[in-house]
Amino acid sequence: MPAPQLVLAARVQAALAAAFGPSYADADPVIRPSQFADLQANVALPLAKKLGRKPRDVADEIAAHIDTAGAIADVQVSGPGFLNLTLSDEWIAAQAQRALEDARLAVPTVDAPQKVIVEYSSPNVAKEMHVGHVRTTIVGDAIARILEFLGHEVIRDNHVGDWGTPFGMLIEHLLDLGEEAAARDDSSVRDLTSFYRAARQKFEGDAEFADRARRRVVALQAGDPETLRLWQILVEVSKRYFNSVYGRLAVTLTDDDIRGESFYNDLLAPTVQELEDKGIAVTSDGALCAFPPGFTGREGEPLPVIIRKSDGGYNYSTTDLATIRYRVDTEHVDRMVYVVGAPQSLHFQMVFAVARMAGWLSDEVAAEHAQIGNVLGTDGKILRTRAGSTIKLAELLDEAVERAGAEFDKISHDESFDDRTRAAIIEAVGIGAVKYADLSVALDSEYVFDLDRMTKFQGKTGPYLQYATVRIRSIFRKGGVDPESAKGPIVIGHEAERALALKLLNFGSIVAQAGETSEPHRLAAYLFELAQAYTGFFENCPVLKAPDEQTRASRLALCAATLRTLTTGLDLLGVPIPDRM
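Reminder that position 349 of the sequence shown reads as 461 in our numbering, one-by-one numbering, no gaps.
No lab work stands behind these hints: they were computed from the structure. Watch out, some of these pointers could steer you wrong.
As the list claims (entries may be wrong) - List time: in silico DSSO-like cross-link candidates among lysine-lysine, alpha-carbon distance up to 27 Å: (1) LYS239 / LYS599; (2) LYS314 / LYS421; (3) LYS351 / LYS504.
Said to hold, decoys possible - For each label pair, taking beta carbons as the anchor points, the in silico distance ranges come out as: (4) GLU413 / GLU628: 32 to 42 Å; (5) GLN313 / PHE529: 45 to 55 Å; (6) GLU527 / GLN625: 31 to 41 Å; (7) PHE460 / GLU388: 36 to 46 Å; (8) ASP169 / GLN147: 14 to 24 Å; (9) THR277 / GLU413: 20 to 30 Å; (10) ASP169 / LYS390: 53 to 63 Å.
Using N, Cα and C, we set each Cβ at its ideal position, and we do this for glycine too.
All chains, full assembly: derive it from the sequences and hints.
Below you can see the structure in the form of C-alpha cells.
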C-alpha cells in the first residue's frame, strides 16, 4: 500500500506531464507537510525558473491538470505557488480498512530481495559485555528484523573477538589456575572478568608468564590441538554468557550466528596474496600496505592500510578484508551492514576502499558502516562508573528494571498483580525502556543514558508505547471483543479519527525507509507519533460508548489497526510488549 505522499507525488507528476509535456513526468514534486492541508507540493517554485513563468501561474496550471478522482478531496494554490493537497476521508478510510484486513498491514515485500549480512554486537571472548555493546547489539538486531520483514534474506553475523595475542595470556592463566575453574557450567561472568584482569596483570608484571603467553600464541596460531582445546573452553564459557545477555535483551542472535575472527584465520594469507598479485599491497617500511586514493595525513602523505605487519603478523584490517572477500566470493551477498562504533569510521572507509580496489565491492555489492554514537552519562561524558571504569551491561539492565518497577508502581492499574506477574512486567518495561531509548536516537548520534527519563510512562519512551498497547487491549477486554474480530468497516466522522487513520497509512513507507537506510530511529519516531495520534483519538472519540453501532464498529476497527501496527512496529524494534500493566 503506497503512503499518502507517494500517491500524491504520482498524481502531481502525472499533472506535470499533462501540463508541460512528458519530459517533466519524472520531476520531483517536492511533497512536504502543510499547515493548510494534508500535504503540499512545492514543485512550482523550482519549475517556474526553467519555464520562465511566475510560480503562481505554474501552480495554477498543475492544479488544473491534477486527477482528483478517488484520493484527493481538494487542491488549493496558496502563497507564491504552493499546491495544498487534501485527501478524501473516504480514501483514507478505505486504505486503513485495507491495512486492517491484510496480514502484513498492507506492507509489501521488496521487489528485488537481497542477501544482506548484518554484523553486530561483536563482544570479546573471556570479557564481560559493557555499556559500549548495548547500542551495537540493539540497533543491529532491529536492522536485521526490519530487513527480514521487508523480504530480504538476512544473515546475522556476530563477529566476536576470539583470536589474537590476548589468548596466549588467557590460556596460560587458565593452566595456572586449573582449567576446571572455567569449564564449570556455573562459571559466572564476574569470574571471567576477574579472570581476564588477573591474566593481564600477570602478563604485564611477570616476565616469565609473558614469555609463556607469547609462545602459547604461536602454538594457537599454528593450530596446536591441545592449545585449541584450551581455547575452546574459554569460547564456550563466553557463549553461555553472551546467550544470557541476548536472551534478556530479546535479541535474535544465536550460537549459529557467531563467526569470530578465528573463522577467517586460514583466509588471511590467501587474501594478502591476492592483494599482492593485483599490485594493491606493496612493501612500505617493512610492512605490507595498501594505499587507497583520497586518504592522506596532516602533511598530505598517503595513509596506509597495513595488510601485514613488519613482524609478519596480521591485524584487524587483514581480518576485515578477508571477511569481505569471503562474503562476496563464498556467500555471494549483495549488501553488508556493519553496526560498529563511530570511532571506527576511518578504518572502515579505508578498508572498503581497498576492497573496491580489489574488485570485491562494486555497484552490485555494497558495504556500509552503520556508525553507532557513544552512550553518555547525564554529565555529558562517556558513561562510566563513579570509579571511572566501564559499566557492565548486566548491572545497567538490573538498574533499568529497578527504576521501571518504581515508575510502574506509580501508575494506576486495572487489576492487581502477584509478585511473579509484576516481576515479568517490569522486566519487559525496563528492557523496553533501554531498547527504545537507544533506538529512538539517530544511530550515529551520541545520546544521554538517563534512566529517570527513559523509564517514565509519559513522553517519548518505551513504557509510554508499551502502555499504549495495553490501553488498547483493555478496551477490547472491557467490551468483551476479540481484536481479531474488529473488522469495521472504518468510517471517518471525526477529525481525531481522520488523524489516526492517516497516520496508520504511513507505516509501510516508514519501515521501507528504515530498512533502506539502516536507520531504525525512523520507525521508533513514527510509533511515538502513532501513539500520540491514538491518544488524541481516545480522548475525543468514545469507543465502547459510541453514539451508534456503526460508529462503535468503526472505532473498534481503528483500535485494532492501531494495536497491530504498534505491536508489529515494536516487535521489529525488538521491544517486548506486556499484555497487561
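Comparing the hints with the structure gives:
Annotation: proposed proximity of LYS239 to LYS599 is violated, straight-line Cα distance about 52 Å (limit 27 Å). In summary, the hint linking LYS314 to LYS421 is supported, as the alpha carbons are separated by about 26 Å, within the 27 Å threshold. A C-alpha spacing of about 17 Å is found between LYS351 and LYS504, which places the hinted pair at or below 27 Å, so the restraint holds. A C-beta distance of roughly 38 Å is found between GLU413 and GLU628, which places it inside the suggested range of 32 to 42 Å.
The hinted window of 45 to 55 Å between GLN313 and PHE529 holds, with their beta carbons roughly 47 Å apart. Checking the proposed 31 to 41 Å range against GLU527 and GLN625 shows it holds: the Cβ atoms sit about 39 Å from each other. For the pair PHE460 and GLU388, the supplied restraint of 36 to 46 Å is violated, since their beta-carbon distance comes to about 22 Å. Between ASP169 and GLN147 the beta carbon distance is about 23 Å. The supplied range of 14 to 24 Å therefore holds.
In this structure the hint that THR277 and GLU413 lie 20 to 30 Å apart at CB holds, the actual value being about 29 Å. For ASP169 and LYS390, the Cβ-Cβ distance of about 59 Å falls inside the hinted range of 53 to 63 Å, so the restraint holds.
The structure is inconsistent with the numbered hints 1 and 7, although it conforms to all the rest.
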